[in-house]
Amino acid sequence: MKVLVTTENIPHRKKFDLWRDVSYERLIPSEARKTGDGPFEGMLEAADVGGVLITRSTFGALTTEVTPANIRRHGKQHTLSATIRLAGTAASTQNDRSLIHNPGEIVVVDRSRPVRLDFAAPTQSLVIEIPRDRIEGLLGPAALYSALRIDAGLGSTRLAVRFFKELVDVQDTLPPDTAARMSSIGVDLLVASIAERMAIETPKALYGTVLVQRAKAHIEANLADRTLSPAELALALGVSLRRLQELFQERGRNISDWIWQRRLDVAAARLTDPRCMHLSIGAVAYGCGFAGQAHFSRRFKDRHGLTPSEYRRFAAQPKPAESRTA
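Under the working numbering, the first residue of the sequence shown carries the number 1, and numbering increases by one thereafter.
Misleading hints may appear alongside valid ones.
Straight-line C-alpha distance at most 30 Å; calculated DSS-like pairs for lysine-lysine [to be verified]:
id : residue 1 : residue 2
1  : Lys216    : Lys76
2  : Lys14     : Lys2
3  : Lys34     : Lys2
4  : Lys216    : Lys301
5  : Lys34     : Lys216
6  : Lys76     : Lys165
7  : Lys76     : Lys34
8  : Lys2      : Lys76
9  : Lys2      : Lys165
10 : Lys14     : Lys34
11 : Lys76     : Lys14
It is worth saying that the hints were derived from the structure and are not from the lab.
Could you put together the complete structure from these sequences and hints?
As structure tokens, then:
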């Protein structure tokens, strides 16, 4: 990994300020202050592995708080950070959850929400930046799992931690295509560990709602995939098809009907979106997961009473101005 900053051989009075300034730039701005006696020591190392930013952060005792003002100043609200604790402990509070983060555990931080972190002694961690939509598209809103301790004892957690520790050691040797594949595998392992932890945390009555929400988010993210089916959806979520069908039916839905409904709704939105007017009807069809234009047209007319072409033309017609009353 590339060393961004180290306080070694830096005058004592400048150590903390130097480390803090680089940390603000690499991670996110916060209100940080050194705690404890003696000089502050710290180091930040960085890697970009297939587009995934990973930071190894080593530092002494401090307290830091990300405030709403800090959040407005940074541009990382579209990301979440997954922190793997390598050494030491951290006390964190976010979304009304407070926890102690121990070595081998993972904690997700929502960068669009305030958070407080307290480090009573020297600590080291790996911070992995992940696009918010990559995680929320599979697991639902970050509020469900941010500041949730993902225990070191879970098999999926052990795999994810081991993978990222090895990845940062070998990332310099990986060709770009391999690095991208490896980082994608790593993110998938993080998702699996978060999902396993959520299954433990979520009350049974709420778990079904969370699972259906995750299923709908997966459908939205994969509408263009013509192989998307109830069976493939259940496999992606790690549940049986029978159980997933039961959860949808409890909410008055059928999985297949929901997939086709969302494809038709998105197609209708694209047909009337001025930004999509350059797309042919076939391109809209394929982009929403239909196998062919004829199939798309038949389904669309059954739903909306117009062919896709008629629907687009009707939407493009100027609407008569509303009459004004005196």
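Checking one constraint from the list: CA of lysine 2 to CA of lysine 76, max 30 Å. Satisfied? This hinted pair holds, its Cα atoms lying about 21 Å apart.
Verify the proposed pairing of lysine 2 with lysine 165, using a straight-line Cα cut of 30 Å. holds (15 Å)
Is lysine 76 within 30 Å of lysine 14, Cα to Cα? holds (27 Å)
Assess, step by step, whether the Cα of lysine 14 is no farther than 30 Å from the Cα of lysine 2, and give holds or violated. holds (21 Å)
Taken at face value, is the distance from the CA of lysine 34 to the CA of lysine 76 at most 30 Å? holds (24 Å)
Lysine 14 and lysine 34 were given as a pair; does the straight-line alpha-carbon distance stay at or below 30 Å? Holds. Lysine 14 to lysine 34 sits at ~12 Å (cutoff 30 Å).
Has the given pair, lysine 34 with lysine 216, been kept, meaning a C-alpha gap of at most 30 Å? violated (45 Å)
Does lysine 165 lie within 30 Å of lysine 76 when you go C-alpha to C-alpha? holds (24 Å)
Take a quick look at whether lysine 34 and lysine 2 sit within 30 Å of each other, Cα to Cα. holds (25 Å)
For lysine 216 and lysine 76, compute the direct alpha-carbon distance and say whether it is at most 30 Å. holds (25 Å)
Lysine 216 and lysine 301 were given as a pair; does the straight-line alpha-carbon distance stay at or below 30 Å? OK: lysine 216 and lysine 301 at ~24 Å, within 30 Å.
Violated hint: 5 only; the structure is consistent with all others.
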